[in-house]
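S.K.: Listed in order, the protein sequences are those of chains A and B.
Each step along the first sequence adds one to the number in my numbering, with nothing skipped, and position 206 is 206.
Each step along the second sequence adds one to the number in my numbering, with nothing skipped, and position 39 is 39.
It cannot be assumed that every hint is accurate.
Claimed, not checked - Below are the SDA-like pairs computed for lysine to any residue, each with C-alpha atoms no more than 25 Å apart in a straight line: (1) Lys49(A) / Phe37(B); (2) Lys49(A) / Gly90(B); (3) Lys49(A) / Ile131(B); (4) Lys49(A) / Glu159(B); (5) Lys49(A) / Val71(A); (6) Lys156(A) / Gly90(B); (7) Lys156(A) / Asp196(A); (8) Lys49(A) / Tyr121(B); (9) Lys49(A) / Val34(B); (10) Lys49(A) / Ser130(B); (11) Lys49(A) / Tyr15(B); (12) Lys49(A) / Gly43(B); (13) Lys49(A) / Ser138(B); (14) Lys156(A) / Arg244(A); (15) Lys156(A) / Pro131(A); (16) Lys156(A) / Tyr15(B); (17) Lys156(A) / Arg235(A); (18) Lys49(A) / Ala137(B).
Worth flagging that the hints you see were computed from the coordinates, not collected in a lab.
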Amino acid sequence: MTDPARRRPAEPSQAGVTAEIAALGGSGGAQPRMDYPPYRSSLLRHPSKALQQADPEGVEWFAPMFGAQDVNPIEADLTIQHRGVPIGERLTVTGRVSDGDGRPVAHQLLEVWQANAAGRYIHQGDQHPAPLDPNFTGAGRCLTDSDGCYRFTTVKPGPYPWGNHRNAWRPAHIHFSLFGSAFPQRLVTQMYFPGDPLFPYDPILQAITGARDRERLIATYDHDLTIPQISTGYRWDVVLTGPRRTPTEQS
Amino acid sequence: MTGTPGQTVGPFFEYALAYPGGSELVPRSDPGAVRLFGRVLDGAGDPVPDALIEIWQPAPDGSVVQRAGSLHRDGWTFTGWGRCATDDAGQYGFTTLAPPSFWSIAVFARGLLDRLFTRAYLTSDDVPLSIPDDRRASLIVGREGAGYRFDIRLQGEDETVFFSFPGYRD
Ligand SMILES: [Fe+2]
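Bound conformation, chain B alone (with noise of 0.2 Å):
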């Protein structure tokens, strides 16, 4: 069967979408809080002001996280995943934990004519080997204070990767 189409995700989706607490994974007061933020620019390297972040990760021991509640957080729960939607200076932000390998990150914006798919590597050692060397560096966070930087750059020489995955819609 043929995959229903993507479109953008348009310029009035905040008030819909973005809700309190949904980049909040843990508390900032948990222990094992680190902070993934980061910003989305366009080919012009202007910032993207109009771009919503989800990310989707595992837990810090590896295991996949199967409980709901991450729409109304208990502030105990940790679900695995968060969105966030950029502000004026094309800046997100989400308060989590470490993944053991990568965050899985969903890009929509304006402009956008479908979803892009990224991953925020801690390391370089975990970036597929079919990635070639000089687009590497684009997938690794930048540690920064407490927290990881990853900019996501739509277009251009420092392009960020997207992955397609074969079978899924691509």
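Looking at chain A on its own, in the form it has when it is part of the complex (with noise of 0.2 Å):
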């Protein structure tokens, strides 16, 4: 995808962009801003109006459901989508979905994409001239148990660069689409790994401008779910706040 930013006539530079990120830290709530600068491609695609408070309604207080029909269990396994074994670190990411009340979000849908263990794609507009895997497609799908735990095997994504600002580069992550009971639970968001040393230089993770908020995207390296001479093992729990039924609409 060419990204506008990229063809600004004044490429900005990482000092720049981190020196914007620094003086909008700690300056948003627990989400996202919607309106961050160092993220380029945000200054045209934010609301400029505030939103507009409302209630559920309806069919908004339900959520649509998956079932047997709509995932094999194989999806979950991203390593096993081709013929042969993909390049890259394998590991297991697992954890579990809740609602604001720690109740488990059962049998619900989850999404994950990624790029490869080079760092590139397979979507057409990806350009980054690192290799594509013939092994990898990097999209899975999972249902929640009754527990409302989750499970995939994957390869470890590599970082990628991106036109953002001169040399900017996403730090190693996997793309997550998650549904709750009620529609306005949805999510969609960005699982990272510990320790990565682009998370600073990068305007997406902190749009979240508070840095335990941010914590809460990045996942645990959990020795217990490392399989010997398999894969390593990362934990990553999701919490969905909602639903705030009232009585009468729980009836």
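Hey, can you piece these two chains together into the complex? The hints should help.
M.R.: The structure is reproduced here in structure tokens:
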């Protein structure tokens, strides 16, 4: 994808963007700032008017349902989608999805997508001159179990360059898409790996302006999940706040 | 508990999230089939070619559908949920049934750091009274041929009304 930022006459430097990030540090809430100039593509794409507060109505108290006909269990293993084995550090990512009261989000759809070990997406628009892996597509799905738990097998994605500013690199991440039990719980986010040196340089992660809030997107290495001779293990739990149903609506 | 923060869907989601039949909640041949379509536009009025639109709606009689099968549609089961990525002209389109009041819509895009929620109402009567007069029109579909047009303007004077739901990661 040609990012419009790539065509700007005066390409901003990392130092300039890092200074902008520092100036906005701590200025937002627990969620990303929608208006976050260091991420250039947000400039024309964030709402400029206040969001209108409302209670969910009707169908919004519910979420779409997915079932066995929607997701084949093998879709949770991104390393067996082709004839050969993908190159990269094989890993297991697992965790629990819960609502704002800690109850499990059970039997619900979870989708993931990511770059390969070299930092290249199979998406047509990805022009990063790193190799594609014929044995890796980088997309998977699963349903959470009755405890709200999910588990994927994949390879560790590589960091990749992008057009936001000169020498911009995304920290390694896996994209996640989740549903709760009510539509407003819908979440699309990214999971990161602990200790990535690219964190402070990345305007997408830093759009969550509080350090403790950013930590909620960083998985934990868990040696108990590491499988001898096979793969390393990471744990990452997700909280989808809500639903807040009134007694009437619950009946 | 604090909700897990959102992040942009990024530019490279289509190969993973879009799928055949995603935007066809019913076959076009369904006697009740209608088209819900429109464009996603940025603050300069330019099309957003890398947005993802999801709709969630009840059946025409108002009942909430709780049926699986949205990812592998069998051609008979209306699930109430659909997904469509915008094309190079920023256009999306669904083949679906008309709900009694509104389609609930989630918007994702590169450059959009978190999802947005809006509603496409069939008539102005159902738009919540809390919405200021000069912004209500942005929530109402326009009739166009046999379909309903609902353009989504992410920013600007005629910006679409987006909702936040207290208690939900607001
Ligand atoms: Fe990415």
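S.K.: When you check the alpha-carbon spacing of Lys49(A) and Ser130(B), does it fall within 25 Å?
M.R.: With a Cα-Cα distance of about 15 Å, the restraint between Lys49(A) and Ser130(B) holds, given a limit of 25 Å.
S.K.: Has the given pair, Lys156(A) with Asp196(A), been kept, meaning a C-alpha gap of at most 25 Å?
M.R.: 12 Å, holds
S.K.: Take a quick look at whether Lys49(A) and Tyr121(B) sit within 25 Å of each other, Cα to Cα.
M.R.: 20 Å, holds
S.K.: Given the hint that Lys156(A) pairs with Arg235(A), test it: the Cα-Cα distance must not exceed 25 Å.
M.R.: 14 Å, holds
S.K.: If you draw a straight line from the CA of Lys156(A) to the CA of Gly90(B), is it 25 Å or shorter?
M.R.: Since the Cα atoms of Lys156(A) and Gly90(B) sit roughly 33 Å apart, the hinted pair is violated (cutoff 25 Å).
S.K.: Take the C-alpha atoms of Lys49(A) and Gly43(B), compute the straight-line distance between them, and say whether it is at most 25 Å.
M.R.: 12 Å, holds
S.K.: Holds or violated: Lys49(A) and Glu159(B), Cα atoms, limit 25 Å.
M.R.: 8 Å, holds
S.K.: Between Lys49(A) and Ala137(B), is the straight-line Cα distance small enough, at 25 Å or below?
M.R.: 15 Å, holds
S.K.: Is the Cα-Cα distance between Lys49(A) and Phe37(B) 25 Å or less?
M.R.: 24 Å, holds
S.K.: CA of Lys156(A) to CA of Tyr15(B), is that 25 Å or under?
M.R.: 19 Å, holds
S.K.: Are the Cα atoms of Lys49(A) and Val34(B) separated by 25 Å or less?
M.R.: Violated: Lys49(A) and Val34(B) sit about 31 Å apart, past 25 Å.
S.K.: Verify the proposed pairing of Lys49(A) with Ser138(B), using a straight-line Cα cut of 25 Å.
M.R.: 13 Å, holds
The structure fails to meet hints 5, 6, 9, 11 and 14 from the earlier list, while all remaining hints are met.
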